[in-house]
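Asker: Below are the chains, spelled out letter by letter.
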Amino acid sequence: MRLSAGIVAGASVIHALWITSICLQGLLGLVLLTKKSWERFPLFTSYALFNLLEMIAGYVARTNPTIYFRLYWCGEAISILLGLAVVYEIFRTIFVQHPALRRLALFLFALAILGLLIVGGMVIWAKNPGDSKSMTSAILVIAEATRILEVGLLMFLFIFSSAFGLHWRQSTFGIAMGLGIFTAVELLSVTMQSEWGTASVAVFNLIRMLAFNISLLVWIAYIFLPERVAESDLPQRAQLEQWNQAVMELIRQ
Amino acid sequence: MITLFVIALALCAILLLYVAAHSRRRGARAPRPVDLAAFRTLTDRGDEMFLRDRLPRSRFFRLKRERIGVTLRYVSRISANAAAVMRLGENAKLSSDPQVALAAHQITELATHIRIQCMVAFAKLSMEYAIPSLQLTPAVLAPQYQALRENVSRLGRLQVADATQLPVAI
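Note that the protein sequences, when read in sequence, are chains S and R.
Read in order, the letters of the first sequence are residues 1 to 253 in my numbering.
Read in order, the letters of the second sequence are residues 1001 to 1170 in my numbering.
If you are wondering where the hints come from, they were derived from the structure by calculation, not from laboratory data.
We treat Cβ as the ideally placed atom computed from N, Cα and C, and that holds for glycine.
Hints may be right or wrong, so weigh each one.
[What the hints assert, rightly or not] Selected chain R positions facing chain S (Cβ under 10 angstroms, derived; list incomplete):
| no. | residue |
| --- | --- |
| 1 | A1010 |
| 2 | C1012 |
| 3 | L1017 |
| 4 | K1064 |
| 5 | H1113 |
Only chain R is shown next, with the shape it has when bound in the complex (with noise of 0.2 angstroms):
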């Protein structure tokens, strides 16, 4: 039983690696737009709570799985726009300007942040998921995401004065 369990880790592992090395080559994922009307829609408890009171509790709770399924998406959009912002940072983080360096230093710690409040709202909405009754507290992402906007957008102007020529961030 042990034995075949250790067979399995190492294969495993030796999949993941061929996906990591697989995932490698294939790039990073350009950002991807995001429909603000639909995805303002699907996260209004008002409108959730509204939906509750008039439809019978099964129809509800498909309906809750197949908005959550949606939001899943919308979440999981955000989440690789915030790898590609810090994959941004950790290159600015190069450039010779003291300044630019930190201003990218700064928004890959925020899009870091991001990144995590991600993970939880992922964790939350699969709870609700699971169990459509609940209702979960929407994962907060990190009131410091209005500062990772003015800081992505001061390394903007840094790289414009400085010429490097990377792409402006937020």
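Extracted from the complex, chain S is given alone in its bound form (with noise of 0.2 angstroms):
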């Protein structure tokens, strides 16, 4: 009796998040759309109108184990996609005004994709979604290598340019710390729902519906408050002089 209390408790969460979800993407694709974010990023744009969609789709698909089944994990693949090509957009938009690091960063990150493919593929190599019991198994498998491989390339777009000092744009910045969150959690979600089975399924989409609307809850604050420049922040003419003779000096050595 207890249990089955527990069940439908959790089943109500679950539901008022979905519900959450959808309002929230509804809001973001409005301040997308207002703010005419499609100019900038098209990719991201695209990305959430398709989530937005997709969540409808699966909501009113919900009752048909069937066609929810296909449309989630198709939609999850052609998300898993998207998020890659706004990973990619993320990184044009930095190294856009940066042309000096382009070219480094540029073979820097196809190195980044070559290593996390590998480790995708050991991931794949290791579990062998061929030799999962369940078509459910061998698609996390799958999910797993993909995440790997937009997490990796998320991490390495925050390293690199904290390494070179890059300053992001707050949209860019925002759009990155959103899917980074998702990202991350689904990553791991992902890979421990493929350890531990159908059984912790509820848990974990729990988890991933909290973790989606956090982002989207960045997204929505990081695009629609305007930039702020801090004009404190900015280097005095004294200051630079100092530092320019010490560079002077270094480079005469």
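Since each chain sits alone in its own frame, please combine them into the complex, following the hints.
Answerer: Structure below.
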């Protein structure tokens, strides 16, 4: 009796989060359209709008397991591909302002893709989705491998830009942050779910929905709020003159 | 094993996002002054040769490591200051005056080169720290640095003429 009450409560929490997610995605779509974000971030706008459509379609089809299963995993596959495209869009947006770094960044980005593909391949090889008892387990392994690529590339972007002191515009940072939160939690979820099996599905669904809703809030906030430029952050002439001399000394060595 | 690795990767990603959000909230660090006389002594190869000839090997190695540690802090400061110039350039790029925007573009480019050279300097100094008997050619912080100086000065003059109130660089 107590167990069934818990299941019902869990199901209603997931349902509430689902509805919240649809509302937040609608709001994000509105923000993207009013801010004309498709001009700067066409791939992210497509990603956000596709997720909204996928979520609505999933909600409508939730009573039919067969249709829902197909819709969900097809949607996930497209969403992952669009997510990777968004990562590339972030990369392009950051480095379009720094042509001097572009070649080096492109080379390292390609190297990171290669390394992550190897890791993803190792995951697929180690877990061998062909041997899986169910279709879902096989799909989870593939999802895990592709999420590794997505999370790894986002990590690369954060580390690289931090190493070179690149300043991200607010909206770019927000998009990367939101995507990072969601994909990192998603990677954690699919990895653990593929290990623990179907018993943990409800818990991980809850965690993923929470993470996705947090990401939606991050996207809405960073895209909606105006860019903040703190004049006090900028260098003063006297200070720059000093370090200028210091660098000249270093060059002479 | 592979599962643990993937979980660690995801957790590292979450930690990295937290650090990125935290450092962004803290804002850009203001440029800090550099003690020129001390810096000159630290990077003087002649001084290093003198110490190598006079001191016992183990003592020289210890001393060299200490010097490298301090030099690394100077290079780190220069690198942070280059990032501040890059940020200044990015903001000035938005100017409606095409001359200001062009000058800003040039200083951003040159500051980026300085930043790359600082990374090279970090790598070389770290190598020397690990193997003190090495004497790698110090990183050449791009001959374009003189151009950076001139360009930033030009940008400063342009911005005064433009009355955009942005702080003046180098």
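Asker: Would the stated hint for R/A1010 survive a check requiring a Cβ distance to chain S of less than 10 angstroms?
Answerer: holds (4 angstroms)
Asker: So, R/C1012 near chain S? Judge it on the closest CB pair being under 10 angstroms.
Answerer: holds (7 angstroms)
Asker: Would the hint on R/H1113 stand, with a C-beta cut-off of 10 angstroms toward chain S?
Answerer: holds (6 angstroms)
Asker: Grab the minimum C-beta distance from R/K1064 to chain S and call the hint holds if it beats 10 angstroms, violated otherwise.
Answerer: violated (15 angstroms)
Asker: Let me know if the C-beta of R/L1017 comes in closer than 10 angstroms to any C-beta of chain S, holds or violated.
Answerer: holds (5 angstroms)
Hint 4 from the list above is the single one not met by this structure.
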